[in-house]
Every structure is written in C-alpha cells, then in structure tokens.
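Student: Below, each chain spelled out in residue letters.
Protein chains: 2
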Amino acid sequence: MHKKLFIPGPTEVRPEILKEMARPMIGHRMKEFSTLLMEVTAKVQKLLYTKNHLFMSTSSSTGMMEGAVRNCVGKRCLNCICGAFSQRWHEITLANGKEADPLEVEWGKANLPEAIDEKLKTGRYDAITVVHNESSTGVMNPLPEIAEVMKKYPDVIFMVDAVSSMTGVKIEVDKLGIDVILAGVQKCFALPPGLTVVAVSEKALKKAEQVKNRGYYFDFLTFKRYLDERQQTPATPSISHLYALNKQMDDIFAEGLENRFARHKRMADSVRRWARENFALFAQPGYESNTLTAIKNTKGISVAKLNEELGRRGAAISNGYGKLKEKTFRIAHMGDIQPADVDQLLAWIDEIVAAGVPA
Amino acid sequence: MHKKLFIPGPTEVRPEILKEMARPMIGHRMKEFSTLLMEVTAKVQKLLYTKNHLFMSTSSSTGMMEGAVRNCVGKRCLNCICGAFSQRWHEITLANGKEADPLEVEWGKANLPEAIDEKLKTGRYDAITVVHNESSTGVMNPLPEIAEVMKKYPDVIFMVDAVSSMTGVKIEVDKLGIDVILAGVQKCFALPPGLTVVAVSEKALKKAEQVKNRGYYFDFLTFKRYLDERQQTPATPSISHLYALNKQMDDIFAEGLENRFARHKRMADSVRRWARENFALFAQPGYESNTLTAIKNTKGISVAKLNEELGRRGAAISNGYGKLKEKTFRIAHMGDIQPADVDQLLAWIDEIVAAGVPA
Numbered sequence: 000m001h002k003k004l005f006i007p008g009p010t011e012v013r014p015e016i017l018k019e020m021a022r023p024m025i026g027h028r029m030k031e032f033s034t035l036l037m038e039v040t041a042k043v044q045k046l047l048y049t050k051n052h053l054f055m056s057t058s059s060s061t062g063m064m065e066g067a068v069r070n071c072v073g074k075r076c077l078n079c080i081c082g083a084f085s086q087r088w089h090e091i092t093l094a095n096g097k098e099a100d101p102l103e104v105e106w107g108k109a110n111l112p113e114a115i116d117e118k119l120k121t122g123r124y125d126a127i128t129v130v131h132n133e134s135s136t137g138v139m140n141p142l143p144e145i146a147e148v149m150k151k152y153p154d155v156i157f158m159v160d161a162v163s164s165m166t167g168v169k170i171e172v173d174k175l176g177i178d179v180i181l182a183g184v185q186k187c188f189a190l191p192p193g194l195t196v197v198a199v200s201e202k203a204l205k206k207a208e209q210v211k212n213r214g215y216y217f218d219f220l221t222f223k224r225y226l227d228e229r230q231q232t233p234a235t236p237s238i239s240h241l242y243a244l245n246k247q248m249d250d251i252f253a254e255g256l257e258n259r260f261a262r263h264k265r266m267a268d269s270v271r272r273w274a275r276e277n278f279a280l281f282a283q284p285g286y287e288s289n290t291l292t293a294i295k296n297t298k299g300i301s302v303a304k305l306n307e308e309l310g311r312r313g314a315a316i317s318n319g320y321g322k323l324k325e326k327t328f329r330i331a332h333m334g335d336i337q338p339a340d341v342d343q344l345l346a347w348i349d350e351i352v353a354a355g356v357p358a
Numbered sequence: 000m001h002k003k004l005f006i007p008g009p010t011e012v013r014p015e016i017l018k019e020m021a022r023p024m025i026g027h028r029m030k031e032f033s034t035l036l037m038e039v040t041a042k043v044q045k046l047l048y049t050k051n052h053l054f055m056s057t058s059s060s061t062g063m064m065e066g067a068v069r070n071c072v073g074k075r076c077l078n079c080i081c082g083a084f085s086q087r088w089h090e091i092t093l094a095n096g097k098e099a100d101p102l103e104v105e106w107g108k109a110n111l112p113e114a115i116d117e118k119l120k121t122g123r124y125d126a127i128t129v130v131h132n133e134s135s136t137g138v139m140n141p142l143p144e145i146a147e148v149m150k151k152y153p154d155v156i157f158m159v160d161a162v163s164s165m166t167g168v169k170i171e172v173d174k175l176g177i178d179v180i181l182a183g184v185q186k187c188f189a190l191p192p193g194l195t196v197v198a199v200s201e202k203a204l205k206k207a208e209q210v211k212n213r214g215y216y217f218d219f220l221t222f223k224r225y226l227d228e229r230q231q232t233p234a235t236p237s238i239s240h241l242y243a244l245n246k247q248m249d250d251i252f253a254e255g256l257e258n259r260f261a262r263h264k265r266m267a268d269s270v271r272r273w274a275r276e277n278f279a280l281f282a283q284p285g286y287e288s289n290t291l292t293a294i295k296n297t298k299g300i301s302v303a304k305l306n307e308e309l310g311r312r313g314a315a316i317s318n319g320y321g322k323l324k325e326k327t328f329r330i331a332h333m334g335d336i337q338p339a340d341v342d343q344l345l346a347w348i349d350e351i352v353a354a355g356v357p358a
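Residue numbers (numbering that gives the first Met the number 0), protein chains in the order written: chain E, 0 to 358; chain C, 0 to 358.
Keep in mind that the hints were calculated from the coordinates and are not lab data.
The beta-carbon is built from N, C-alpha and C at its ideal position, and this holds for glycine as well.
Below, in silico cross-link-like pairs of lysine to aspartate or glutamate (EDC-like), each with a Cα-Cα straight-line distance of 20 Å or less:
hint	chain 1	residue 1	chain 2	residue 2
1	C	Lys211	E	Glu90
2	E	Lys30	C	Glu325
3	E	Lys322	C	Glu228
4	E	Lys3	C	Glu31
5	E	Lys30	C	Glu308
6	C	Lys223	E	Glu90
7	C	Lys3	C	Glu308
8	C	Lys30	E	Glu325
9	E	Lys211	C	Glu90
10	E	Lys18	C	Glu15
11	C	Lys3	E	Glu31
12	E	Lys30	C	Glu307
13	E	Lys211	C	Glu98
Which stretches of chain C does chain E cover? Using the computed rule of at least three CB atoms under 8 Å from a CB of chain E, they are:
hint	segment
14	13-25
15	53-62
16	93-104
17	180-191
18	207-213
19	227-241
All chains should be modelled from the sequences, with the hints used to inform the complete structure.
Tutor: Take a look at the structure:
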C-alpha cells in the first residue's frame with residue numbers, strides 16, 4: 000500500500016505531477032528544451048520575487064550547498080548552525096577546503112540576528128550560510144530580521160538554504176537582499192527529488208569571478224554563460240523534472256501564492272495546537288516552522304511502532320533526526336498536502352496512541 | 000509530434016520505462032528505498048562484470064567526472080583527449096585546481112595505448128582519464144588495449160568515461176582493471192537524464208583517503224559510508240530514476256547482455272555501410288564507435304535542413320559537434336533503438352537527400 004508522505008522530503012507528489020515525469024524525451028540542445036527551460040526559470044523567479052539569475056541544478060540540495068560555498072567563499076565563511084542540515088553546510092564548507100567558523104545554538108533554538116551581527120562585526124567573514132527552515136528540529140529562523148542585519152554588511156555574501164520552506168513560506172528574495180538561495184524540489188514544491196533551483200545575485204556572480212577553484216558542475220559562471228548564450232544548461236539536465244516543475248509552477252500560481260502560504264500556516268497551526276494538547280513542541284517558542292512540526296515525545300511512545308501503525312493506514316511520518324530519534328517525531332505539512340490530510344493523520348495518531356502504542 | 004531520438008543522449012525512452020518515472024514517492028530513509036537501491040546496485044555490478052563499489056549519483060555524468068578527479072587525482076592527471084567530451088574532462092580537472100596535462104590527438108583519431116604508455120613512463124602521473132566513446136567524433140577508443148598498458152602502472156588510477164558506451168558495448172571492469180568508470184543513464188541505458196552510475200575500485204577508494212579537498216556531494220568515501228552502514232545514499236537521490244533503472248536492468252538482462260551488445264554492433268554496421276556508400280565516415284578506420292556514427296558531410300547538404308525534414312517525419316539526428324557543425328552529422332544507434340528504427344531513419348535520409356536538401 001502506498002503511504003502518504005508526511006515526511007520532510009520527499010513529500011507526497013500528486014498524480015498529475017507524476018504524469019509529467021513520464022513525458023517522452025526531447026534533446027537538451029534542441030529549441031523545444033530552451034523554451035521549456037526559459038519558461039520554468041521565469042516562473043521560479045516570480046515565485047521568489049526576484050530578478051536574480053536563476054539556475055537549475057540536476058542534483059539534490061546538498062550538491063548546490065557545495066556549489067554555493069565553492070562559488071562564494073573567498074576569505075572565511077560563517078555557518079549558522081541550529082540542527083543537522085545547517086551543521087552539514089558547515090561540514091561541506093570545510094570539506095571544500097574553505098576557512099569557516101560555526102555559529103552554533105542548541106538544537107531546537109533559532110539562529111538570531113544579534114548573534115550573527117556580533118560575529119560579522121569582526122570583519123573576518125566574506126560569506127554566511129543560514130538554513131531558513133531546519134527540518135531536523137522544526138525551527139524556522141527569522142529570515143527578515145537576519146536580512147535586516149545583513150544590510151549592514153554589503154561585502155558579505157548572504158546564502159540561504161530554503162530547502163524545506165520555498166513555496167511554503169513567502170520569501171521576497173530581492174527585498175531581503177539574499178545573494179544565493181537554493182531549494183530541492185522534493186519538499187514544498189512537491190516534486191520527486193532530483194532537481195535543485197538556485198537564485199544568484201549579481202553580487203554573488205561578481206564574487207564568484209574572484210574565487211578560485213570553483214569546479215565545473217556547480218560553477219555559477221558556467222551556468223550563466225550557457226543560459227545567456229544558448230538558453231541551455233551546461234550539462235545534460237533532468238528534463239523530466241523540468242517538465243514536472245513547469246506544470247507544478249502553473250498549479251502553484253493557480254492556487255495563488257498567498258493562498259499557498261496561508262494554507263501552510265493553517266496546517267502548521269492545527270498541528271501545533273494538537274501537539275501542545277497531546278505532547279509538546281520541540282522548537283523555541285516564536286520560531287516554530289510553518290512547514291514541519293517537531294514534537295517532543297513526552298508520552299515516551301515508540302515512534303517506530305507508531306509509524307508502523309500509520310503505515311498500515313497509509314501514512315508515514317518521520318522519527319526524530321539523529322540524536323533526537325525517539326525523543327521527538329516530525330510531521331511535515333508541506334507541499335501539496337491539504338488541511339484535510341493533516342486532520343486525518345492526527346486522528347489516526349490519536350487512535351493509535353489511545354489504543355496504546357507499545358512503549 | 001514526438002521525434003524519435005537518434006541523438007547521443009538523451010536517447011529514445013520506451014513508454015514502459017517512462018511509466019516507472021511516474022511511480023509514487025517513498026522516503027529515501029525508509030526500508031523500501033534501501034531494498035530498491037541494493038537491488039539496482041547489484042544489477043549494474045552484474046552488467047559491468049564487477050565486484051567494485053557501485054554508487055548512484057543524482058547528477059549528470061559531468062558531475063561525476065568532476066567527482067572522479069576530485070577523489071583520485073593527488074599528484075598529476077593525464078587527460079586523454081580526442082574530442083569535446085574528453086577535452087571537457089581536462090577542463091574539469093583544471094577547474095578543480097588539479098595539475099593535469101592533455102594527451103591530445105586530432106578530432107576523429109583515437110587515443111592509442113602506445114602514446115599513453117609513453118606519457119605514463121615519465122612517472123609524473125597518478126591518474127589518467129580516458130573517454131571510451133567520444134560522441135563528438137564517433138570514435139571508440141581501444142579500451143582493452145589501453146587497459147593492457149595500464150597494468151604496467153599499478154599506482155596510476157585508471158578512470159574511464161563510458162557515458163555513451165555502457166550497456167551498448169561489453170566492458171568487463173574487473174578484468175580490465177578499471178578503477179573508476181561512470182555513465183549517465185540517458186545514453187545506452189535509455190533512461191531520461193538525471194542519474195549517473197559509477198563503479199569504484201578498492202584501489203581508488205584507498206587513493207581517495209589520501210586526497211584532500213574531495214568535497215562532499217561526489218565524495219566516494221561518503222557514498223561508501225552511507226551504502227555500507229545504511230544501504231542509502233548520502234543526499235536525497237532521484238528515486239524516480241532508480242525505479243526506472245531497476246526496471247530497465249531487468250529488461251536488459253531479459254534481452255541478454257550479449258544480444259544487446261550484438262544489436263548495437265549490427266546497427267553500427269548497417270549505418271557505417273550506408274554512410275560509406277552515401278557519404279564517408281569521420282572516425283579513424285578501425286576505431287568507429289558501435290553506438291554512434293559520425294558522418295562526413297561530403298555532399299555539402301544543410302544538416303540543419305535535413306534535420307528539420309526528419310523532424311516532420313518524427314525523427315531527430317545530431318549536427319556535428321562544435322567546430323564540426325555542418326561538416327559532419329551524427330546518428331546515434333544506442334539504447335533501445337532497434338535495427339528497424341535505424342533502417343527507417345536511413346530510408347528517410349535517402350528520400351530527403353534525393354529530393355534535394357537545400358545546400
């Protein structure tokens with residue numbers, strides 16, 4: 000039986016979108032492809048309220064996180080860390096031979112603008128990484144407030160992982176002055192994994208021109224050259240994903256961006272309300288994510304067993320991430336999941352817990 | 000109208016395979032996924048006659064070409080060049096801050112074992128890259144003969160791009176002693192683009208342990224750790240492609256490996272025969288590719304116009320690559336294309352040329 004996915008990626012994909020994944024192939028050096036690429040590029044720019052360059056990377060987000068630091072870290076990077084994925088970005092930065100410092104808060108807490116300001120004041124950094132939504136902890140960092148601080152540091156490249164928030168939460172990239180923002184399509188975009196979108200400012204491109212050893216596959220300047228000169232990607236892209244994304248963007252605009260963001264907020268509110276009544280929230284109050292809720296397992300139930308039971312009913316949630324396994328569990332309410340799906344899921348959990356999940 | 004693709008990737012994909020691309024999602028940290036991954040991994044190992052480690056990279060081949068040099072070039076790399084894609088591997092090597100020398104032959108000629116031996120004798124190199132099948136020129140380099148030479152240099156990592164030959168030509172990886180061999184699935188595998196398979200020897204892994212700055216996304220050791228410890232990939236993979244590849248491997252074994260290789264040879268023979276009668280072959284005699292034929296445009300027809308006419312009939316071939324545009328044209332006979340498809344294509348070209356393609 001298929002399990003409806005309430006996990007932080009891949010999320011549930013609608014049959015209409017899956018159908019787009021099955022389109023017959025075209026050549027990626029043909030005119031038909033360029034038309035497709037330019038269409039979908041413009042749509043993602045509109046979603047992000049940006050005129051920045053927009054590239055399509057045939058990779059998971061992790062690949063483009065590597066790309067971002069290879070392109071934009073010259074001197075030293077400040078990696079804001081509040082969970083597993085922001086930690087990973089720090090590791091990626093170091094693995095690429097870059098100088099970098101962590102700015103760490105306890106898991107469950109948010110990266111706050113004051114602490115960032117304090118660090119940047121030292122003048123040691125030319126780039127910063129922030130994970131907008133930490134799906135390991137259910138924390139959504141305060142992007143607008145961080146962006147406000149960033150305006151004091153025009154020489155620092157502002158890089159944001161919006162992997163599990165993009166299309167679920169409003170992100171006005173140009174207004175916020177974000178230089179690099181990226182997201183895999185298997186989260187709020189609700190596509191199968193395999194493609195990552197990245198918006199890159201003129202400032203970030205200028206920076207890349209000065210950074211050595213950027214490599215090839217994730218090189219922003221190579222992406223730009225192919226896009227400008229040929230309306231193509233440098234390497235063979237996942238054409239299936241571009242078809243699916245093109246259709247999904249139309250469906251997102253048909254729902255309406257504001258409606259989509261409001262739907263995510265509504266689902267988050269209802270999961271939080273339920274979690275507060277039955278368990279407790281893991282995230283620092285005021286910084287709870289709108290796309291995913293991490294719940295403290297205050298009842299000491301077996302999350303693995305709960306998930307097995309849910310599986311029998313046709314749904315899957317996520318256990319806590321890494322060290323939080325069994326101590327928390329996570330419900331993703333992102334992408335094309337609807338409020339009624341969430342209600343059904345919560346009713347099932349209630350039913351299973353009431354029947355007594357083995358401890 | 001859909002155009003049947005006689006281009007060197009993406010190749011024509013059968014509806015049964017496209018259907019696999021449209022399967023509902025599962026989580027990549029779930030048991031179902033590990034089962035899928037381990038199944039398809041074993042099948043590709045069998046195809047390659049290898050016990051080497053086998054990793055699935057959610058990227059085009061270009062990404063894993065970058066990965067190969069980042070993992071395995073410590074001292075200095077020898078890049079064998081005989082066309083655009085082997086040239087690109089050299090550029091990628093340099094773009095990743097590695098020391099490297101080109102070993103270049105004229106486009107249309109093959110990289111020969113003697114010249115490689117001559118270079119390796121100097122003892123300057125700890126890695127070599129060879130493109131098995133140069134799809135820009137229709138040359139297939141003599142892999143067994145090159146492998147023979149490589150046996151004299153056990154300290155040199157032998158890296159092969161088999162992008163446009165894997166599954167179309169027999170490659171016995173362990174027997175040949177190839178340390179790294181990679182291929183995107185959009186060529187002879189006949190899947191949509193978006194996934195690359197790579198087989199990595201124990202020797203290459205040992206080498207990677209000594210090489211600094213391997214990055215993260217294409218790091219062999221990270222792939223190995225996730226595969227060994229969890230039967231997973233480090234980052235979120237393209238699950239759709241893995242489903243499609245799993246099914247396609249079954250279909251390949253159902254056809255029979257030897258039958259599949261023979262079919263490719265048969266199609267190559269018939270295109271070559273036709274080309275010799277009507278035009279001329281571009282590749283050095285004795286090194287013509289079994290998966291793609293590059294044809295000299297001895298009649299001075301407009302290849303672009305020919306392709307337009309073919310488009311009206313429901314087929315597409317490729318113009319010459321880069322500087323060979325209009326001077327050559329290329330017919331790919333790879334993947335799931337059948338001899339009857341090739342016959343039909345050649346008949347159409349005859350018909351169009353006879354009617355007089357505008358010069």
